[in-house]
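Starting from the known structure of chain A, arrange chain B on it as the hints suggest.
Number of protein chains: 2
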Amino acid sequence: MTVPYYSQQNHGPFETFALGDFDLEGGDRLRGASLAYATFGTLAADGRNAILFPSWYSGTSKILELAYIGSDRALDPNKYFIILVNQIGNGLSSSPSNASAPFNAARFPRITIGDDVRAQHRLISEKFGIEQLALVLGGSMGAQQTYEWAVRFPDAVARAAPIGGTARTTPHNRLLVDTFIDAITSDPAFDSGWYKEGAVHRGLRRHARLFAVSGFTQTLFNQPGWRDLGFTTTDDFVTGFVENHFLPQDPNNLILLAQKWRDADVSRLTHHDLPAALGKIKARTSVIAIEEDVFFPLADIAAEQTLIPRSALKRVSSVWGHLALFGTDPGYNRTIDVHLTELLASH
Amino acid sequence: MTVPYYSQQNHGPFETFALGDFDLEGGDRLRGASLAYATFGTLAADGRNAILFPSWYSGTSKILELAYIGSDRALDPNKYFIILVNQIGNGLSSSPSNASAPFNAARFPRITIGDDVRAQHRLISEKFGIEQLALVLGGSMGAQQTYEWAVRFPDAVARAAPIGGTARTTPHNRLLVDTFIDAITSDPAFDSGWYKEGAVHRGLRRHARLFAVSGFTQTLFNQPGWRDLGFTTTDDFVTGFVENHFLPQDPNNLILLAQKWRDADVSRLTHHDLPAALGKIKARTSVIAIEEDVFFPLADIAAEQTLIPRSALKRVSSVWGHLALFGTDPGYNRTIDVHLTELLASH
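Chains as they are written, first to last, in this note's numbering: chain A, 13 to 359; chain B, 13 to 359.
Only chain A is shown next, with the shape it has when bound in the complex (with noise of 0.2 Å):
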């Protein structure tokens, strides 16, 4: 089975980075597993301008590449060479849509955010060979990443910009992204994921509503913002937006990537001691909360932020909430520049 949706067309161009077979945290190994990435901008000859970013739930690299980098933004590949990696299982990188059977679809390996980061670290030493990379940044999935990446290898980030996301998910967190699956595979048509292409359409549906309804404030429904996107109505809004947004994605993927933002968290590496997890951190780093996110609360990043040793606690106010990690506010747009900015030029 191949999705349309996860095509070069849609989201290239993009590169492939083979690692071979890779052994995932859980045990099981991904036989044949890569990477796809994009990268902008070119890499100084001392290895020390370079960037990561790695994508978010239902997101790919084209999605960043369109919201956050520019000559006129902070991730400007006139100075920068910014790699934007996909996590496994968006579709991209390997995913149950595009595995091999037996390990496809429903079988596919569970992955963790860990399983990404050193995936990822194999992608910058060997392919670019990049030691310390001047940024890592992410949003939601991509803060979770982020945060894996500077307790992980902290000799390896310089500066980590999480946006929007926690180092370990909360009991709430975990309770919401539970809601989200359950959409999805309560769908009768979900067979224990072994469903037809676009059967699980139902499914997807409400996994849209259910992430509509928390992912935005609920000013921007109340005000109504949609409005200068083109929408009519409320519902013509959260159809021709959101359920646009997840309906052509594939729901095995979809679940891979939920399950794998519900597990995340970086005291797996401390035996569960999260301020020694997060103490680890070396990097110069900007804790940039979304002040209005219902996904992320800014309380809940903000008791993170004071466990992080060189780290700053950065605001953002969107009425798009959490989703306004798409770009599609202007204000939220110019704001993280800012931050970025003032991160990239310190030392």
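Wrong hints could be hidden among the right ones.
Chain copies aren't distinguished; within one or between two, either way the pair holds.
[Stated by the list, open to error] Think about it this way: if two alpha-carbon atoms lie no more than 25 Å apart in a straight line, the pair counts; the simulated SDA-like pairs of lysine to any residue are:
1. Lys326 x Pro16
2. Lys208 x Thr197
3. Lys292 x Ser279
4. Lys91 x Arg239
5. Lys208 x Ser198
6. Lys326 x Thr231
7. Lys292 x Phe243
8. Lys74 x Thr14
9. Lys326 x Glu304
Just so you know, these hints were derived from the structure itself, not from any lab.
Showing chain B alone in chain A's frame:
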């Protein structure tokens, strides 16, 4: 089909007031309609010490009694004649679960908040001869009924205290309530509302989890205050407290209530002019917002309050969020009593 949950043993003692054939706003006729209610205290000779307190979503008069009434509480039956009334569709008053065929179950007519308030007006005038209530109050859907009372019968309401609710459901809240409904109706066992008793338990469990995710605050789950109730894990709490609450209830009842919640709008009475509707209120009104409420955010409640002539915005804070209404938080109970005592003392 009788549903054992809605018994006198579980929710009584309660009385029943026969409405006879009751014509509904939607055009249907509810034949043999009745309201279940419970009273506390004695009606004064001048009839001016009566308090009306309608039920909220999925609740009955019993939880109102347990959480709000007592000789040491603002709602003191030694001083007031307190009428706890069950809204139509809650399983005690006329409901899909107790109606006779053919107008039972999925064919029970659609009910509006306006229908409830007209029925309740007949109860207080025909049964008790009350011309003006000293106070109408309610939480959540009870607040919706309180607003409807104050707008529809301005001379019959001396004081009003809507708690954690709005007079017109916001677009975001409509979307949220639709996810609750969908969680039930998407269960194949729901069978368009013609299910076998107990068959829809998966849908009810999903509904309960969605309710829990935004009904409580994130802080409650993360801290976690629910341990005080004897639960051991997040999942144990959600299952033992929230699923346990919804599982014995009737799916058609819940959906009827949810639709009523979603469509609540006092501006129906004034050609969709909300300021005109709220401007009709003569009651001295304490609009009480739960600061952490995700179902009915402070900002939405505050915006409506400014449109009510003799009103004040009162706040209460609780880590239990919207579901502080249940009375599990002593701090919430104390603050609510302060607000209600102050309002009852005002003229």
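| Are the CA atoms of Lys292 and Ser279 at most 25 Å apart within a copy, between copies, both, or neither? | within (11 Å within a copy, 58 Å between copies)
Check Lys208 against Thr197 for me: Cα-Cα at most 25 Å, and say if that holds within a copy, between copies, both or neither. This pair counts as both: shortest intra-copy Cα distance 14 Å, inter-copy 23 Å.
Can you give me the call for Lys292 and Phe243, within, between, both or neither, at a CA distance of at most 25 Å? neither (47 Å within a copy, 34 Å between copies)
Quick one: Lys91 to Arg239, C-alpha cut-off 25 Å, is that within a copy, between copies, both, or neither? neither (36 Å within a copy, 53 Å between copies)
Status of Glu304 relative to Lys326 across identical chains (alpha carbons, at most 25 Å):
Result: close both inside a copy and across copies, 13 Å intra and 23 Å inter.
- Within a copy, between copies, both or neither: where do Lys326 and Pro16 come within 25 Å Cα-Cα? Intra 39 Å, inter 54 Å, cutoff 25 Å: neither.
Is it within a copy, between copies, both, or neither that the alpha carbon of Lys74 lies no farther than 25 Å from that of Thr14? within (19 Å within a copy, 56 Å between copies)
Self-check item: Intra- versus inter-copy proximity for Ser198 and Lys208 (alpha-carbon distance at most 25 Å)
Solution: For Lys208 and Ser198, the Cα distance is within 25 Å both inside one copy (15 Å) and across copies (19 Å).
*Indicate which option fits the pair Lys326, Thr231 if close means a Cα-Cα distance not exceeding 25 Å: within, between, both or neither.*
Intra 22 Å, inter 21 Å, cutoff 25 Å: intra and inter.
Figure legend: structure checked against the earlier numbered hints; hints not met, in rising order: 1, 4, 7.
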